[in-house]
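Peer 1: The lines below spell out each chain.
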Amino acid sequence: MRRLVAGEEAAFDEFAADYLPPLHRFASRRLRSDPETVREVVQVTVCKAIPKLSTFRGEAALMTWLCACCRNEIAGYFRQRKRRGVEVGFEVVDEGYASADLLDATRPETPETRLLQAETAELVHDAIDQLPPHYGLALEWKYLEGASVREIGRRLDLGEKAAESLLTRARKAFREKHASRSSMAGGTSPASPVARRMEFES
Amino acid sequence: MSKEKARNQAPLSRREEQIRSVLREAGPRPAVAKADLESIERAARLEWQEQYGRQSRAATAAERTTARWLPLAAALALVFLGVWWWAGPNFRGGSSVQVATVESVHGSSKLTVGEALRVGAEIDVSGEPVAFRLVGGPSVRLDAGSGLRLVSTDRVELERGALYFDSAGLVDPVVVATAHGLVRHVGTQFEVRLDDRESDLRVRVREGQAVLLRDNSSYSAGAGEELRVSRSGAVTRSTVAIYGTAWEWVERAAPSLEIEGRTLEEYLAWVSRETGWRTDFADPTLAASAEGIQLHGSIEGLTPSESVQVVLPGSGLEYRLEPGELVILDR
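Residue numbers (my numbering), protein chains in the order written: chain A, 1 to 202; chain B, 1001 to 1331.
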């Protein structure tokens, strides 16, 4: 952050690479709108946030803070267009669906289950995007690509031990973040299927 | 089979298996369209350059001005030094007695690690905090924006900013003189800050005791206490946390610890001293084994609290932070 507000180009490059893609996905999941609208909302969010970076005191993670700013812009967008946004499983729950159960590929596919699977996948992606930038990458490289710890370290310019400890922290952070996201998506309507949290073993 | 290959082929723990399952079923995060990202980045960069590029440009302009005048200034300085040196120690009015040694500097600083500081030396810290050690053993750190004069081996004058003093368990008296009173330690870690937003002088004690002498009165503060001299001259005492953000600059200035060959117990004692945290083991048998765990590697460049994130997992341990306490658990 110090380097960023000191005007270092390299620091801005890192900021853009680490925060713009997850912020865009955050807005996209909530707006459910055309790409042009999403791009505009994210652009306004970032341009309004940048002057406030010098006063950002780090009480919350930077990504959390940026998402809060983005949420305000999204709310403003909906107010302006007098349209009720569809929020899926994060803050406002229309019908509680998200369940790790429904990621079970053996269930017969219906439009409903496909929708539920997509929403559950979004919960996972949202949780990863909320983690510190390198945590999400390390988890995806390890568990989606099967990269070795050494390779992860090489990509992040870390030693093997540092990469291993980063993975440990990433797993823990992901378990906590995903559990809280899943519980927020729990259904409250009696007519809804009961959402069961994905509970990681403690 | 190589060790790395064996590690990669080793079965995952149940926890890891769950995470892998969740991630695989969700699939990778969708990529954002390159054109969209580039457009956002362009707009953001313009805003950022407008806001923060000015500071950078001002700094560059200052550097260019300095570079223009540097050759003349250097020539004049050489002439002055020649006269000064020729005039001898009496003219210099100083002393060759060494009072302290620089222990750590961060960012750009006129001081260098290992540099000897002598009686009468004036230290101005504009950038990052610096740390030096008095010849008697105590450690002194100066926050950014601070100015101090080394009067003798047992007296320093704080002219502005903040100073952190760690007696390192030694009892030789050292006095910190300020315009608002003298602060004397009694086996202490304490901070003295001038011109705080709310007071003229603030003394915060982390360990031991410090005594403020002022207007023929003395005021003492113990661990977790703070003395304030208000603008009106009133002295008040209150409690203060011995860990947390208020002490962050002190951590940043801490000289790094060489951990190679040290025991975990020694390392944790250092972390506790530098962060103000109590360290506790969730399991007494784990505590007993801490002496036998030998550390390897380096934590150079990490603050004490940052180093915990690397050293403990690297030793096969986990931890959790509670207010003022570092709890260590077996993995």
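No lab work stands behind these hints: they were computed from the structure. We put the beta carbon where it would ideally sit given N, CA and C, even for glycine. Don't take each hint at face value.
Unchecked claim - Between beta-carbon pairs, the in silico distance windows are:
no.	chain 1	residue 1	chain 2	residue 2	range
1	A	Cys69	B	Gly1120	27 to 35 Å
2	B	Ser1289	A	Asp157	29 to 37 Å
3	A	Asp13	B	Leu1286	38 to 46 Å
4	B	Arg1197	A	Gln80	23 to 31 Å
5	B	Thr1153	A	Ala10	18 to 26 Å
6	A	Met1	B	Glu1300	15 to 23 Å
7	A	Ala118	B	Thr1263	47 to 55 Å
8	A	Asp13	B	Glu1025	17 to 25 Å
9	A	Gln80	B	Ala1246	38 to 46 Å
What the hints assert, rightly or not - DSSO-like mimics (lysine-lysine), calculated; alpha carbons at most 30 Å apart, straight line:
no.	chain 1	residue 1	chain 2	residue 2
10	A	Lys52	B	Lys1034
11	A	Lys161	A	Lys177
12	A	Lys161	A	Lys172
13	A	Lys52	A	Lys161
14	A	Lys48	B	Lys1110
15	A	Lys161	A	Lys48
16	B	Lys1110	A	Lys177
Peer 1: Now, for every hint given, state plainly whether the structure supports it.
Peer 2: Hints, verified against the model:
1. As the Cβ distance of Cys69 of chain A to Gly1120 of chain B is approximately 52 Å, the hint placing it in 27 to 35 Å is violated.
2. Between Ser1289 of chain B and Asp157 of chain A the C-beta distance comes to about 33 Å, which sits within the given range of 29 to 37 Å.
3. Distance hint check for Asp13 of chain A and Leu1286 of chain B: the Cβ-Cβ separation is about 43 Å, which falls inside the suggested range of 38 to 46 Å.
4. Our hint of 23 to 31 Å for Arg1197 of chain B and Gln80 of chain A is violated, since their Cβ atoms are close to 40 Å apart.
5. Judged by the Cβ atoms, the range 18 to 26 Å given for Thr1153 of chain B and Ala10 of chain A is violated: they are separated by roughly 44 Å.
6. The supplied range of 15 to 23 Å is met by Met1 of chain A and Glu1300 of chain B, whose beta-carbon atoms lie about 22 Å from each other.
7. One distance hint, 47 to 55 Å for the beta-carbon pair Ala118 of chain A and Thr1263 of chain B, holds here, with the actual separation near 52 Å.
8. About 33 Å separates the C-beta atoms of Asp13 of chain A and Glu1025 of chain B, a value inconsistent with the hinted range of 17 to 25 Å.
9. Look at Gln80 of chain A against Ala1246 of chain B: about 43 Å separates their beta carbons, and that is inside 38 to 46 Å.
10. Taking the CA atoms of Lys52 of chain A and Lys1034 of chain B, the gap is near 26 Å; set against the 30 Å cutoff, the hint holds.
11. With a C-alpha separation of about 24 Å, the suggested pairing of Lys161 of chain A with Lys177 of chain A holds against the 30 Å cut-off.
12. In summary, the hint linking Lys161 of chain A to Lys172 of chain A is supported, as the alpha carbons are separated by about 17 Å, within the 30 Å threshold.
13. The straight-line distance between the Cα atoms of Lys52 of chain A and Lys161 of chain A is roughly 36 Å, outside the 30 Å bound, and the hint therefore fails.
14. Restraint check: the Cα-Cα separation between Lys48 of chain A and Lys1110 of chain B comes to about 38 Å, which exceeds 30 Å; the hinted pair is violated.
15. Taking the CA atoms of Lys161 of chain A and Lys48 of chain A, the gap is near 39 Å; set against the 30 Å cutoff, the hint is violated.
16. Annotation: proposed proximity of Lys1110 of chain B to Lys177 of chain A is violated, straight-line Cα distance about 45 Å (limit 30 Å).
Hint compliance for this structure: hints 1, 4, 5, 8, 13, 14, 15 and 16 are broken, all remaining hints hold.
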